[in-house]
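> First to last, the sequence lines map onto chains A and B.
At position 37 of the first sequence (counting the first as 1) the number is 86 in our numbering, and the numbers step up by one without a gap.
At position 219 of the second sequence (counting the first as 1) the number is 242 in our numbering, and the numbers step up by one without a gap.
Honestly, the hints are just simulated from the structure, not real lab data.
All C-beta atoms in this analysis are idealised placements derived from N, C-alpha and C, irrespective of residue type, glycine included.
It is possible that some hints are incorrect.
No more than 20 Å apart at the CA atoms, straight line, and that leaves these computed lysine to aspartate or glutamate pairs for EDC-like [claimed, not checked]: (1) A/Lys119 <-> A/Glu95; (2) A/Lys195 <-> B/Asp381; (3) B/Lys257 <-> A/Asp193; (4) A/Lys100 <-> B/Asp64; (5) A/Lys92 <-> B/Asp381; (6) A/Lys92 <-> B/Asp384; (7) B/Lys257 <-> A/Asp165; (8) A/Lys231 <-> A/Glu154; (9) A/Lys102 <-> B/Asp59; (10) A/Lys195 <-> A/Asp165; (11) A/Lys102 <-> B/Asp64; (12) A/Lys185 <-> B/Asp240.
Per the computed footprint, the stretches of chain B lying under chain A, defined by three or more beta-carbons under 8 Å from a beta-carbon of chain A, are [to be verified]: (13) 78-90; (14) 107-116; (15) 212-218; (16) 382-389.
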Amino acid sequence: MSERSSSSGFLAPALALLVTAVLLTAVTLAVRLSVASAGERLKAPELEAEKPKVAVAGHAEVAYCTPRFKEVLERVLHSCGLATGDSRRGCKPADVKTFASISDEDFNELFTPLKDRGAVIMYDMGKEDLDDRAKKLLEDKWFDRKGARYFFVVARASKTGSVDKNRALSHRRANSVMFHLKEVGKDPEIDKKVGLLWLGNEFAQLSKEYCKWPSSRPDTKCDEEPINRSAFVSWVDCRL
Amino acid sequence: MFGSSSRFPAVLALAGAVLGLVFAVYSTIDYAQHLDRRLHDVHCSFIPGAPATSEAEACRAAMYSPYSALLREQYWGGVPISLFALGAFTFFVGFALYLVVANGRAPKTAVGFFAAVSVTPLLVSLLMLGISVTKIGSLCKTCVGIYVASFLLAIGGLLALFTLRDAPAGGGGGYQDPVHEGTRRPALSFAFVPVWLVSLAFTTLVPAVVYASSVPDHRAFLTKCGELKVPVEKTGALVRMRSQRAVRPALFFEDPLCPTCKAFHQRLVGEGVFDKLDVQLALFPLDSACNWMLDTPLHPGACTVSKLVICAGDRAREVLEWAYDEQELLGRAGKQGEPALRAIIERRWGGAVLNCLDARDTNVRLNAHLHYASDNAIPVSTPQVYLGTRRVCDEDTDIGLRYTLSQLAPEVLR
């Protein structure tokens with residue numbers, strides 16, 4: 050064997066060994082470094098700006114949820130026992146007047162954005178019974194909850210009769226709504242969802258304008274007397 | 024076919040080995056990057072060296088699958104199989120280079136050994152290809168790169184056998200210049216074969232051993248993703264999927280048209296874990312038709328398919344898995360509109376179910392699912408996974424899944 054052929058005979062395996070060793074070292078080092086780098090990043094908290102922004106699930110919050118609207122409703126919620134879950138259920142006219150700290154007109158104005166979301170459940174004079182159309186409308190509204198957290202019932206009575214009688218009547222009307230919802234809703238947490246307000250004829254009476262709102266008796270004659278023999282019901286799409 | 028001095032087979036094998044090495048490097052680095060529990064883009068291209076991209080669903084699906092790594096109960100994410108490819112291709116680069124340089128002087132034993140072992144990456148590739156097609160349902164481009172590289176390597180190795188024809192083995196005879204006629208290959212003892220095999224095993228294992236020895240400890244991070252605020256959905260609206268083997272309660276928030284949910288479900292089933300879980304499913308369709316938390320539908324039609332799952336009653340799992348299997352079709356139909364989607368549903372499940380989809384109770388029940396998500400302030404992304412009341416971090420539901428289960432719910436792995 051010549052010297053030249055002998056040296057080239059060793060060249061191939063030597064070169065292969067060298068390349069393999071270098072490559073193996075390089076890839077092993079790369080693996081080690083990339084794992085170590087990930088380990089360092091793991092220990093270092095990710096900067097808030099670098100974190101992917103993920104929304105958090107919550108109840109609906111729509112445009113009419115103005116600060117003023119929410120302020121009044123929150124006061125009512127807390128003062129009428131809904132938010133705290135205590136035994137006290139609902140607010141009578143004096144409570145609403147006190148806690149809402151708002152004029153009659155402004156109080157009604159707050160509910161204007163709920164015109165299509167809610168409905169006016171109408172009653173016979175001096176009665177609190179729900180007729181079939183009232184039940185149907187109430188159920189339609191109740192089961193169309195979407196993302197709302199609270200359902201408000203604002204019951205009233207017309208000017209006919211004494212203040213005390215109308216206060217009691219509007220209370221019964223509010224309760225008739227609640228009883229029906231309990232019956233059809235079968236919701237164990239209904240007490241935490243429904244806010245009852247009864248205003249008698251003392252506070253925030255509805256004007257004739259409200260006859261144009263969706264109601265359980267759209268075909269009957271409507272003016273300031275019958276429109277106040279009612280309970281306005283609506284889900285409120287605000288985070289209160 | 025090839026003369027004894029032809030370099031082509033060895034060059035082909037070398038090219039295959041280098042290509043395989045490059046793809047294996049990218050695959051490994053992608054995997055290792057995720058050890059920091061953050062989201063990263065993934066290399067997913069047939070072109071070696073192409074930049075990482077966020078549009079890499081197939082590569083991500085492969086990476087998150089149970090088949091991408093070994094020892095996944097012992098190490099968070101396991102030891103990726105690309106590490107073994109990395110080491111093996113390193114060996115093949117060296118050996119192929121030797122054959123290229125040695126040309127016709129390489130001993131028959133070396134050529135024969137190389138031909139025999141060069142098919143092993145191809146065999147593994149064929150196995151992984153089968154898994155990709157049958158189990159994962161998609162082909163990752165980087166993986167395909169490795170398959171092609173393995174194919175080139177095997178072809179090169181096998182073609183090298185042709186260079187042995189007409190080349191009498193050296194019987195201790197002297198060297199003859201291969202460039203000229205009368206090439207004689209030097210004889211080499213078969214004792215070298217085990218040496219090469221050990222070398223192959225060594226180079227194959229070294230990167231994996233180094234990786235495993237340096238994987239950071241993730242245990243402290245597993246329990247830092249919160250708890251359910253409201254453990255019980257009081258109206259009983261959630262969908263129950265419980266097998267007789269269930270040993271651990273779990274709660275999933277899922278969207279039947281969400282590809283990540285599908286992949287997660289397939290991982291659980293593939294791992295044999297799903298049947299060990301007493302699953303409560305809260306449907307969380309990312310579709311603004313019913314989900315007020317979205318302004319625009321991310322998965323149009325998801326509300327309808329979610330209602331279908333609710334309507335399925337005891338067959339909820341069957342319907343959910345159908346929805347996952349037909350996810351692309353349903354997604355396309357959802358974009359076309361409700362009638363197209365309902366037509367598919369009717370064709371598969373019959374017309375009666377359409378009444379259920381429209382029923383008030385179904386809508387109310389789905390709404391209760393969404394309110395349950397809202398009450399628990401879950402992230403608006405799916406899936407969300409809870410073991411008991413403990414939230415499983417998103418990163419622990421994919422490559423870290425088996426490790427996380429081994430730490431938080433070892434009973435489901437038995």
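> If a hint holds in the structure, say so; if it does not, say that too.
Quick rundown of the hints versus the structure:
1. The hinted pair formed by A/Lys119 and A/Glu95 fails the criterion: a straight-line CA distance of about 36 Å is larger than 20 Å.
2. The straight-line distance between the Cα atoms of A/Lys195 and B/Asp381 is roughly 15 Å, inside the 20 Å bound, and the hint therefore holds.
3. Taken as a hint, the B/Lys257 and A/Asp193 pair is honoured in the structure, with Cα atoms around 19 Å apart against an allowance of 20 Å.
4. Taking the CA atoms of A/Lys100 and B/Asp64, the gap is about 14 Å. The hint holds against a cut of 20 Å.
5. About 51 Å separates the Cα atoms of A/Lys92 and B/Asp381, which puts this hinted pair outside 20 Å; it is violated.
6. Taking the CA atoms of A/Lys92 and B/Asp384, the gap is near 49 Å; set against the 20 Å cutoff, the hint is violated.
7. A threshold of 20 Å between alpha carbons decides the hint, and for B/Lys257 with A/Asp165 the separation of about 29 Å lies outside it, so the pair is violated.
8. Pair hint A/Lys231 plus A/Glu154 does not hold up; C-alpha atoms about 31 Å apart against a cutoff of 20 Å.
9. Distance hint between A/Lys102 and B/Asp59 is fulfilled; the C-alpha atoms sit about 18 Å from each other, no more than 20 Å.
10. At roughly 14 Å between alpha-carbon atoms, A/Lys195 and A/Asp165 fall within 20 Å of each other, so this suggested pair holds.
11. Note on A/Lys102 and B/Asp64: the hinted pairing holds, with a Cα-Cα distance of about 16 Å set against a maximum of 20 Å.
12. As the CA atoms of A/Lys185 and B/Asp240 are separated by approximately 60 Å, the hinted pair breaks the 20 Å bound.
13. Evaluation of the coverage hint for the region 78-90 of chain B: breached, as 0 residues show C-beta separations to chain A shorter than 8 Å, against a requirement of three.
14. As drawn, the region 107-116 of chain B meets chain A at 5 residues by the rule of a beta-carbon pair under 8 Å; at three or more, the given contact holds.
15. Three residues within the 8 Å Cβ limit are the bar, and the region 212-218 of chain B against chain A gives 0, so the coverage statement is violated.
16. Check result for the region 382-389 of chain B against chain A: holds, 3 residues qualifying (beta carbon to beta carbon below 8 Å, three or more required).
Going through the hint list in order, the structure does not satisfy hints 1, 5, 6, 7, 8, 12, 13 and 15.
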